[in-house]
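One line per chain: the protein sequences are A and D, in this order.
Note that my numbering has the first sequence beginning at 1460, numbered continuously upward.
Note that my numbering has the second sequence beginning at 6, numbered continuously upward.
Hints may contain errors.
[Claimed, not checked] Partner residues are not named here, just some residues of chain A that face chain D (Cβ under 7 Å, in silico):
id	residue
1	P1638
2	S1904
3	Y1916
[What the hints assert, rightly or not] Rough simulated footprint, nothing fancy, chain A against chain D, three-plus residues with beta-carbon under 8 Å:
id	region
4	70 to 79
5	115 to 125
6	204 to 213
[To be verified] Now the in silico label distances, taken between C-beta atoms and shown as ranges:
id	chain 1	residue 1	chain 2	residue 2	range
7	A	P1667	D	S123	31 to 39 Å
8	A	Y1625	D	S123	48 to 56 Å
9	A	I1880	D	D139	52 to 60 Å
10	A	G1533	D	I16	24 to 32 Å
11	D	V101	A	E1882	35 to 43 Å
12	A	M1926	D	S123	39 to 47 Å
13	D	A31	A	I1938	57 to 65 Å
14	A	P1667	D	N191	33 to 41 Å
15	A	G1612	D	K127	23 to 31 Å
16	D	G62	A	F1852	32 to 40 Å
Simulated from the structure, these hints should not be mistaken for lab results.
Idealized CB from N, CA, C, for every residue including glycine.
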Amino acid sequence: MQVCMENDQDNIINDITSGEYKYGFYTDIETEKIPKGLNEDVIRLISKKKGEPDWLLEFRLKSFRHWLTMKMPGWANLKIPEIDYQDIIYYAAPKQKPAPESIDDIDPELKKTFDRLGIPLEEQKRLSGVAVDAVMDSVSVKTTFRETLAELGIIFCSFSEAVREYPDLVKRYLGTVVPHTDNFFAALNSAVFSDGSFCYIPKGVRCPMELSTYFRINAANTGQFERTLLVADEESYVSYLEGCTAPMRDENQLHAAIVEIIAEKNAEVKYSTVQNWYPGDREGRGGIFNFVTKRGICRGDNSKISWTQVETGSAITWKYPSCILRGDNSIGEFYSVAVTNNHQQADTGTKMIHIGKNTRSTIVSKGISAGHGQNSYRGLVKVLKNASSSRNFSQCDSLLLGDKCGAHTFPYLEVDNQSAIVEHEATTSKIGEDQIFYCNQRGISTEDAIALIVNGYAREVINKLPMEFAVEAQKLLQISLEGSVG
Amino acid sequence: MLSIKNLEAGINGKMILKGISLEVKAGEIHAIMGPNGSGKSTLAAVLAGRDTVEIRGGSVTYMGNDLLQMAPEDRSKEGIFLGFQYPIEIPGVSMVNFMKTAVNEHRKHKGLPQLSASDFLKLMREKKEMVEIDSKLANRSVNEGFSGGEKKKNEIFQMAMLEPKLAILDETDSGLDIDALRIVANGVNRLRRPDNSSIVITHYQRLLDYIVPDVVHVLYDGRIVKTAGKELALELEEKGYDWIRKEVDNQN
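The following block holds chain D by itself, in its conformation from the complex (with noise of 0.2 Å):
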């Protein structure tokens, strides 16, 4: 499904990202762990495709299009979702109006016609269902007000409405009470299909707890150091990041 090449990024001319590579297979959940100014946040910005990053190597393929080609909004519509470590607030749009906007342009871009108002309310409560989010987020504007945990469910609500083929979920996790953490690896456990895949993105391990991934790796320095199983995490948690940073200087 994605196929990261040596991957070079940066901002503001400084290096980031230093040769990154990741092959996410249909179905896979992927986490990506390491210390902060790792690079995680920035290797999610270069898939959206954030235009402040400036690519400077290696390649990557999304279902076998060149994504680093494909304009952000294109690539939403080809299933690509990312869900905000900060997600951003917009005044004076209703969360009705932005998803039925989106949802409707990624309609179109699967020649479906667009959902009738009652239809789309309909899709709108089954899924806040799903994702045990109040009701009442739905009427206000986009994040506006909305306290840390409630943008992050509302990033989960969003991903439920999209049904993304490729999730990233950025540090979903940081800043979520015990109570919310769990809804959200909820909600993901529960888009979970055959056909679609996630990368997890985190700094802890206690996320990792309810959303179990096949695949776990180490960002270090703007490198993939370490890539395991699930008991990586768990090393992780009880050896800390120090570990690996002595395992990566002691090779160099």
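With the rest of the complex left out, here is chain A (with noise of 0.2 Å):
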């Protein structure tokens, strides 16, 4: 018997890096799309389907005149393949009934697919502790649990529900995080935004269930542009979750969204991603391309907000979800996890910005690469001349699995107050056919291995999300590193 340790190893990395993805089916759904392409014909005929008010008509105009006047960022450490933007079509909504009043009105092959992505949308299915934006394409198909939300003053519904019915709040809060001015891909949002889901906590009310928005791309040759905005009055608390799949497909679909968040005094957020856009085959066809925009303010003394976020899809991801923690003592927390396999490529991180005083953030960073990944962890902390006693405590840690990925770390740091903490720790490892070798001397398959050691690698993330979706995330992990060990 002859045994080569070097094709061995690239045996089981092959072997490891083949997993599947298993939410690539495709609805055959009737569905309404607008033809290809932008101009502000098109721009008016999504607000028009929408029925929007003329000043959000021309919150979208002013986005798209300013983006045309922009260039798409070069400065990420991804290979972006030319986007055609023309070639996009910007609304595409399955066929239904204008307004769905209760459940029995929605398409069942709607319903069918929401169950089998595990998001069941009759309220007696799902798990009691957790209401759903279920957001396929363009639209909200259902937000459920609104009712008993309502009961508390909570609002939750699709943001064109918003600006029907909450025009002042959405109107008062809209752009005011994130201006249509901030980026490129935050211009062409503004511009072409579909749905998304609109939250409104208020003051002195403790949500009660985790709020979620489940988005789901099904329709081909369609970007998904949505937009979330969150908004916590003073002591007020909620917890939101948002998680993302599209089906197999050899051409790559643009995802550009938004998520503002608004925290005022004594308010908490907790914002937790678990996103599982199709990241392309395994020699790099297809896929996702997420290039999102996601920031809060802590404007309130006192606040809080904390990104947990979960990403193993896309065949690209450009994200910072970052906090400007404006009020003193305000809290702003990042913890990821980006997962990088086969030919993907993340460029994630966040950006803190202290502003007030005492002012305290908390940086978690998990690179993982597998494959050909490539992953960048890139982030900024900022500490503004009056952030007196303001801290910062960074760690971003990178683990290889293989020889042909990349972890790349890109930390800024901007001080101007003497009296403020910043600390930054990075690590680097790979997992090890030493590590490999002594589980499986323990009986220990070289795959469920690779599952312990990348558990424990990414638990302290992990931990962080809602524990329903905390079982999920880890299982996830794990089918995304299926078949990958070095």
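Please assemble the complex out of the two chains, which come individually in their own frames, going by the hints.
What follows is the structure in structure tokens.
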């Protein structure tokens, strides 16, 4: 028997990087689409379809005109193929009755789709502690538990409904955290955004259940541009989770979202993401281009915003969930696990902007690279002149599986206050053959050994997720890396 | 139990084991001694299934099966345990989780149901007491930040948890002070049963004061050059490995 180490190692790596994407199916449902391309007429059409007020159309047009002056950012450590913005459909909606009154009015095919994704739309089937807004392509299909939440004064509905029913609230907060001029993708989103979730937690209310939005891309050749606006009024608390999947296709699809969070005095918002857009196949064909601007502002004193993300999907991820710590004693947190396998690329991290006194931020970023994956952490910690006694702690760890992948760290520090304390720790490690063999020798298969090691590595972040989702996220990590060892 | 015949193996093209034959019967403890570089650890690696070692010839039969065809995890589940000379650190993975996974894999292989959390913790407690290991170790990541002695004790603890049929201890005594050595040896002795066997690889005789072998082999330059009873260890201690070297060189 002849055993050659290098070949064997390669084989193991190849085997394990061949996990299958579970959510790659496509629902054959009648879909209303507008023609490809982007111009002011298209924007007017989207706005008209949604029956929007003039001020919102103006906001869109203003954003579009600004977008025309901008160039796609090239600073990220990503190889992005040219995107033809005229070759994208900007609005696609599954055809259904204009406003489904009850669950029975929803197309059974749609219900089936969300059932398959593990997101049943019937309230009695849901985990009782979670309310869901289900979005397919450009529209929200159903928001569960609206009435229960309304009793507490909590507004949780699709963005389009919010525009119709709570125009003043939307107008007051829209674009205040991520202005339409913020960046190329934010400007694009502000021009063409279709749907998303809106959430308002009134003063003094602790939201009794997890709120979540499930985003599904279904139609081909379309982009998804959703917009989420989450307002936590004084002394309130909410935990919010978003999940995303898409069918397997050979073409890339664009997803450019905006999330804005406002936390008033003593409010706390916990925002968790499990991002599992289709990542492309093993050769790097297809997959979602995920360009997302997420930002929260701790407007009031003692407020807190916490981002937790588990990023396993998308061919390209470009996203930096950030916190503007304006209130004194406010707290920003960012916990992230980002996996890049096969030919996936991720440039992700956060920005913590310390403006108020005694503001504190924590950054824990765990990158996992396998196959030919490229994983970059990019983070800014900025302490302004008046942010006395502010503190930041950053920890960026990279884990490599195999020798064809890459991990990169780009930390930026700008500290203008002498009393601030900023700490940064970084490690890079590789799952070694030695570790695998040690596990093998105790009876643990290579695949299980990798799962054990990766889960151990990511535990600190996974533990921050709401319980039900932590289990899901752990499984997802396992599937994403199924068949990747080194 | 174990039958090695004319085993030849090497690493990176260099021959290290040059024809080893060895028979281990149920209930026996064999000691393998020899100077540094004689091939002791390579032999242990071959038996455990490390793929960095290239097998060039010979055969190894374990419980009637061709051992060399078995995957490392299957060898483990069939009862082969290797106590590592340099135990590996696995940050982030707790000893509890690690051992639970291992024990349940072994149970699955035997067709037994998984242990419940409470039964598992009870088992851990028993075994910890048996091998006198600090119970705090179990809450830490696998070998991470353990002292040399703690790592070795942790190997014996894992051995107690998995109850192997054939335990191979690769220089488990190296780097241990006399107290740790005694604890390790006691652990091995307590786990001794008429139906299981051990191969104790060591450079020094002193471990054999505590673990009394049935057979002692001297490995030198990839070959077993001497096999005798436990008194051979004492003779080696007295005369040193030079004595063996001279004897072998004279024969050539």
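- Item | Unmet hints by their number, sorted upward, for this structure | 1, 5, 6, 9, 10, 11, 12, 13, 14, 15 and 16
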